[in-house]
Amino acid sequence: MGFEKARGALTRLISVSIICMGFAQVAPAGMIGTGYLLEDESRAASISRMDILLARADVARQLEAFGVDRAMVMERLDALSTAELLELEGKLDSQVAGGDIIALIGAVFVVLLILELVGVTDIFKSF
Amino acid sequence: MFRAQRVFDGSRLLPALLVLVTGCASIPPSVSELPAPGGSIELEDTPFYPQERYQCGPAALTTVLVKSGATVSLDEIVDKVYLPGRQGSLQFELLAAVRTEGRLPYQVDGTLDAIWRELEAGRPVLVLQNLGVAAIPSWHYAVVIGIDAGRGEIVLRSGTDRRRVTRIRTFLHTWRRGDYWGIVVLEPDELPATADRSRYFEAIAALEQTGRAEEAAVAWRTALGNWPGDTVALFGLANALFALRDYRAAEEAYRDLLERDGGAVVARNNLALALAEQGRYDAALQEIGVALSQSRDAALERELRDTEATIQRRKAGGQ
Chain A
1 MGFEKARGAL TRLISVSIIC MGFAQVAPAG MIGTGYLLED ESRAASISRM
51 DILLARADVA RQLEAFGVDR AMVMERLDAL STAELLELEG KLDSQVAGGD
101 IIALIGAVFV VLLILELVGV TDIFKSF
Chain B
1 MFRAQRVFDG SRLLPALLVL VTGCASIPPS VSELPAPGGS IELEDTPFYP
51 QERYQCGPAA LTTVLVKSGA TVSLDEIVDK VYLPGRQGSL QFELLAAVRT
101 EGRLPYQVDG TLDAIWRELE AGRPVLVLQN LGVAAIPSWH YAVVIGIDAG
151 RGEIVLRSGT DRRRVTRIRT FLHTWRRGDY WGIVVLEPDE LPATADRSRY
201 FEAIAALEQT GRAEEAAVAW RTALGNWPGD TVALFGLANA LFALRDYRAA
251 EEAYRDLLER DGGAVVARNN LALALAEQGR YDAALQEIGV ALSQSRDAAL
301 ERELRDTEAT IQRRKAGGQ
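Protein sequences appear in the order of chains A and B.
Position one of the first sequence corresponds to residue 1 (the working numbering), numbered consecutively onward.
Position one of the second sequence corresponds to residue 1 (the working numbering), numbered consecutively onward.
Mixed in with the good hints, there may be bad ones.
Claimed, not checked - So the derived list for chain B, only partly shown, Cβ under 8 Å to chain A, looks like this: (1) Gly57; (2) Arg86; (3) Ala97; (4) Thr210; (5) Asn239; (6) Phe242; (7) Gly279.
As the list claims (entries may be wrong) - Not close to chain A: a few residues of chain B, all C-beta gaps over 12 Å, as computed: (8) Gly38; (9) Glu42; (10) Lys67; (11) Gly69; (12) Ala70; (13) Thr71; (14) Ser73; (15) Asp109; (16) Ala206; (17) Thr222; (18) Glu252; (19) Gly262; (20) Arg280; (21) Gly289; (22) Val290; (23) Ala316.
Hints listed in this document are in silico derivations from the structure and should not be mistaken for laboratory results.
This structure is a prediction, so every number in the text was calculated from the model and none was measured.
Glycine included, each C-beta is placed from N, C-alpha and C at the ideal position.
Could you build the full structure based on these sequences and the hints that come with them?
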């Protein structure tokens, strides 16, 4: 048990430092990105590099927790923009995940069937 | 989880049920917005990737990517966007995956007209539908490949259906519950059929942030073709050239911008860095001096001081 715990902590430590390296490649020191002009100025100025680093670490952890293969986590992280990272931070579980997930029970089924027949929903041939 | 077929004729039930649904069945206004009321269009050459369970996201995304000319397999896209623990795919990750293929994801206006125009330009539209209702959502990604306005039908690559035909009315109900979210995949030198400047620019800036400088440069040039002299687009182009280490060209673009807007402090900061990269430290420090005299923002001023210190260090080190 103790060993497992220590290994877990070490893995986390290593993954955080890899994340830092990945970030460093994106923007040269001192450069102000184009996003600055697109964001509301006060908001743009209030987003620090540390905020972005923390968001990356958090989203990485969530991706892994939701079953993304370790080897893919970094690649998926790198493809997200700053705004997307900040948007996803702490919220991966509440985002819409398109995938036809539906659990139906009795009365609900009947209501949906009715809505389907009058063209409000479109569930029953979809998966 | 189950499959069901329409096994009986529902029309006899209709009169009795109308009362039930009026509350949620208001028709979105976009039906009447179609440019060609009786016309039809269908991109028949759109490829089809039937989805595996829960994987409508990867299937729909591969469809639009391959249509735009990307060489990518469904398996690769599954690795990039499928989230096993959520049995689905996030919208943000679909956008992200488009960028990794060197393309630009653009969110279209939430109207039938916008879909029609993209189809006319040869681009199918990936849409998020909620096939259920708000309280019992069934989120689904599909690809609109055609509209038959005369018959009031919309054609989709959806799930395991190569050609799913849905009434426009019904589609609009399901799309509305998906917040009218729809994207097209653009090559960097393509403009959206109906380009909203700020949404389009944000999409290009995201390319820059994810290390896709080459594609970003092409996209900013394309934007400048449509919005000549736009200072944000010029800033974007200059930054992309900087990231590509073409400091001379970046310098030129920053100067072009500053000629149009002499008070663009952020552009002057980056211009100074582009000059420093060329070993022209004195000119760089002079630009920072000008920027500092113009800056009215404390956070920005800190950035400028940092840049100044960096350049001074490099000057002293002679590197």
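Find the nearest Cβ of chain A to the Cβ of Glu252(B) and say whether that gap is larger than 12 Å. At about 17 Å from chain A, Glu252(B) clears the 12 Å cut-off, so the statement holds.
Taking the least C-beta to C-beta distance, is Phe242(B) closer than 8 Å to chain A? For Phe242(B), the interface hint holds, since the closest Cβ of chain A sits about 7 Å away, which is under 8 Å.
Non-interface claim for Ala316(B), where every Cβ of chain A lies beyond 12 Å: Its Cβ never comes within 12 Å of chain A, the nearest being 16 Å, so this holds.
Does Gly69(B) sit more than 12 Å from chain A, CB to CB? 19 Å, holds
So, as I understand it, the hint says Gly57(B) touches chain A; can you test that by seeing if any CB pair is closer than 8 Å? 5 Å, holds
Whether Lys67(B) stays farther than 12 Å from all C-beta atoms of chain A, as the label says: 19 Å, holds
Once the closest CB in chain A is found, is it more than 12 Å from Ala206(B)? Given that some Cβ of chain A is not farther than 12 Å from that of Ala206(B), nearest at about 4 Å, it is violated.
Examine each Cβ of chain A, and state whether all of them lie more than 12 Å from the Cβ of Val290(B). Holds, because the least Cβ-Cβ distance between Val290(B) and chain A comes to about 15 Å, which exceeds 12 Å.
Whether Gly289(B) stays farther than 12 Å from all C-beta atoms of chain A, as the label says: At roughly 15 Å from the nearest Cβ of chain A, Gly289(B) sits farther out than 12 Å, so the non-interface label holds.
Just to be careful: measuring from the Cβ of Ala97(B) to every Cβ in chain A, is the smallest value less than 8 Å? OK, holds: Ala97(B) within 8 Å of chain A, min 7 Å.
Just double-check Thr222(B) for me: nearest Cβ-Cβ distance to chain A has to come out over 12 Å. With a cut-off of 12 Å, Thr222(B) remains clear of chain A, as the shortest Cβ separation is near 15 Å.
Separation of Glu42(B) from chain A, once the least beta-carbon distance is taken, above 12 Å: Per Cβ check, Glu42(B) is outside 12 Å of chain A; nearest 19 Å; holds.
Hint violations for this structure: numbers 7 and 16, all remaining hints satisfied.
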